[in-house]
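*Asks:* Going down the list, the sequences are from chains A and B.
The first sequence begins at 6 in our numbering and counts up by one.
The second sequence begins at 7 in our numbering and counts up by one.
Where hints are given, some of them may not hold.
Using 30 Å as the maximum straight-line C-alpha spacing, the simulated DSSO-like pairs for lysine-lysine come out as follows [unchecked claim]:
#: 1; chain 1: A; residue 1: LYS208; chain 2: A; residue 2: LYS32
#: 2; chain 1: A; residue 1: LYS109; chain 2: A; residue 2: LYS32
#: 3; chain 1: B; residue 1: LYS111; chain 2: A; residue 2: LYS78
#: 4; chain 1: A; residue 1: LYS32; chain 2: A; residue 2: LYS182
#: 5; chain 1: A; residue 1: LYS130; chain 2: A; residue 2: LYS109
#: 6; chain 1: B; residue 1: LYS232; chain 2: B; residue 2: LYS111
#: 7; chain 1: A; residue 1: LYS115; chain 2: B; residue 2: LYS197
#: 8; chain 1: A; residue 1: LYS130; chain 2: B; residue 2: LYS197
#: 9; chain 1: A; residue 1: LYS352; chain 2: A; residue 2: LYS363
#: 10; chain 1: A; residue 1: LYS78; chain 2: A; residue 2: LYS32
#: 11; chain 1: A; residue 1: LYS78; chain 2: A; residue 2: LYS115
#: 12; chain 1: B; residue 1: LYS197; chain 2: A; residue 2: LYS78
#: 13; chain 1: A; residue 1: LYS109; chain 2: A; residue 2: LYS78
#: 14; chain 1: A; residue 1: LYS13; chain 2: A; residue 2: LYS208
#: 15; chain 1: A; residue 1: LYS112; chain 2: B; residue 2: LYS197
#: 16; chain 1: A; residue 1: LYS109; chain 2: B; residue 2: LYS197
#: 17; chain 1: A; residue 1: LYS78; chain 2: A; residue 2: LYS13
#: 18; chain 1: B; residue 1: LYS145; chain 2: B; residue 2: LYS232
In case anyone wonders, no lab produced these hints; they're calculated from the structure.
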Amino acid sequence: MASIELDKIVKSYGAVTAVHGIDLSIKDGEFVVFVGPSGCGKSTTLRMIAGLEDISGGELRIGGEVVNQREPKQRNIAMVFQNYAIYPHMTVAQNIGFGLYTSKLSKAEKDARIRETARVLGLEKLLERRPAALSGGQRQRVAIGRAMVRDPAVFLFDEPLSNLDAQLRGQMRLEIKQLHQRLGTTIVFVTHDQVEAMSLADKIVVMRDGHILQVGAPMELYNRPGDIFTARFIGSPEMNIIGADLRDGRAEFGANATAIRWNAVEGLPPGGRRKVSIGVRPQELTLVTPNDSLAAFLIEGTVRVAEPHGSETFVHLDLPEGSIVARAPSERSYRPGETLSFTAEGKSVRIFDAETEKLLH
Amino acid sequence: MTTKTATNNAIFRFRPGFIISWTLLFIGGVIMITPLLFMFSTSLKSAGQVYDLRLIPAAPTLDNYIRVLSDGRFVRWFLNSSLIAVVVTASCLFFDSLVAYTLAKFNFAGRKLVFLAILSTLMIPTEMLVIPWYLMSSKFGWLDSYWGIMFPGMMTAFGVFLMRQFFETVPNDFLEAARIDGLNEFEIWWKIAMPLVTPALSALAIFTFLGNWTAFFWPLIVTTDKDLYTLPVGLSSFAVEQSIQWEMIMTGAAIATIPTLLIFLFFQRYIVRGVMLGGVKG
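One chain only, chain A, in its complex shape:
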């Protein structure tokens, strides 16, 4: 087991810089998830930790030791790839055993380790099979087995679930989480799926354009996203963002906006006028009777489409200011064209600076 420190890590390919001097500290035993859209530098960062990419600048420490110049095999890490990368010409047992390639264990000890790993992953009956005869989930499990068998200090996962179908992905997600709870090994996991990030991570690292935008526990990011990008990225359906002017504790939404009002903006010093974006999650909106004059925050719109999810229904509303999504009770049905009103608690509405997109409140 080991901690990992990234100290101003830079990756550049010629004139193009993919990772811009990021700092990050990963504690021993922590499950850290890098999340962000494609091309944000998350996989590159992981590959630098693995030693598959040279580090252009900065210092990488694993377990306190600088490893910039070390070969992957000298870093005591194991990696699981998106495409599984289990060797097709070898059986499951040989594939798992390959993780012990450099190990000095005796043949018998290796066999015992392979069997134990296979048992943990439910692969005992498949040991003599070749990858072609396995399902996607089983292949991914073999890949995890090959990483596990070596008992490394750090596990690196590069989008390991994105090739699986939705049901299997959920199941493997659970298995990886349980594996982490049992082994307690440091895990760095890369994904572009915010659900995976939320459900797996002790700590989420949101990346964009080679920069770290925010680091925090899942619920911290969900409740207090540092900027609009994180706010939209974390949580599903994504947060509604509406442009507004703040003036004297009131939010104004365009000249003749009647569909949305917010009378008592909390938490910001009064006075002055500034352009902002306000953010409210669909789950934070509550359906109220139309023209509820008591509510400080009120949104009114016409239903474009309703998506029942069983326990709840997400209605897409058209407003003059744009469109928003709101969660509504699933007990009733919603007709297109119907007018609905929603309110939210003032303190759950976030205010972002319209220019910097950073959280103001």
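Here the structure of chain A is known, so what remains is to put chain B in place on it, guided by the hints.
*Replies:* Relative to chain A, chain B alone:
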């Protein structure tokens, strides 16, 4: 067998396109196989019957086979050819794919230039190379030696090209996984990349073996010692020594087809089998 079923289908369906294409293919097939049939036919004829051009010999005899096989020279040439073809094939498989792998999977300055330089040698015809080869062999004392016969073919630009194209299709994930598992670069090539390109290796093995088994021009030039003749060179000597002994040449040639058939039968199943299947999800 396949031809027959397919032909039946075509007739059954009464599709004119099928009938025309299968007829053309059939004619092509007949044209291809006739010389072979004639070779076997002639090998079963006695010297006097050779110019009797019937396909089925009037009095078939195995005498020619007995004569050829009991002739020590023929056996020697057969072994020469086998040795040369096997060694050159093994060398090509090893070195061509080593170079090809480096060109496909490593980034280094001048990589494209090296590849182009190797490819460009494909444009030079053998006839042009024979004189420099000969001068070189003569200076190094390689004339009349196995090495002299083999050296030009030990590595081929074609093999490098073919293998590079296949190595390009091997996903880097495999190689990186192996790197993390602790293999060195040579082991990654030998234990991971090579097994993944067995279809290409098999194809290259067949081409190289056939090419060297039937090689005539260079072995004829570089050897004068009859003990070093390869089979094609030796067979041709049946034609010059006394009069042309067609029945002997045909018998030798018939025997010479056996290893090529065996090589093809052995390797072609590796070509058919999709080894890459199932290791990564595409």
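*Asks:* Give a verdict on every hint.
*Replies:* Hint check results:
1. A:LYS208 - A:LYS32: Status holds; Cα separation ~10 Å.
2. A:LYS109 - A:LYS32: Holds. A:LYS109 to A:LYS32 sits at ~29 Å (cutoff 30 Å).
3. B:LYS111 - A:LYS78: holds (19 Å)
4. A:LYS32 - A:LYS182: Holds, at roughly 17 Å.
5. A:LYS130 - A:LYS109: The given pair, whose Cα atoms are some 26 Å apart, holds under the 30 Å limit.
6. B:LYS232 - B:LYS111: Violated. B:LYS232 to B:LYS111 sits at ~45 Å, over the 30 Å cutoff.
7. A:LYS115 - B:LYS197: holds (19 Å)
8. A:LYS130 - B:LYS197: Distance of about 25 Å is within 30 Å: holds.
9. A:LYS352 - A:LYS363: Roughly 17 Å separates the two Cα atoms, so the pair holds.
10. A:LYS78 - A:LYS32: Holds, at roughly 21 Å.
11. A:LYS78 - A:LYS115: Holds, because 18 Å separates the two Cα atoms, which is no more than 30 Å.
12. B:LYS197 - A:LYS78: Holds - the C-alpha atoms of A:LYS78 and B:LYS197 are around 17 Å apart, at most 30 Å.
13. A:LYS109 - A:LYS78: holds (14 Å)
14. A:LYS13 - A:LYS208: Holds, because 19 Å separates the two Cα atoms, which is no more than 30 Å.
15. A:LYS112 - B:LYS197: holds (19 Å)
16. A:LYS109 - B:LYS197: Holds, because 19 Å separates the two Cα atoms, which is no more than 30 Å.
17. A:LYS78 - A:LYS13: holds (23 Å)
18. B:LYS145 - B:LYS232: holds (21 Å)
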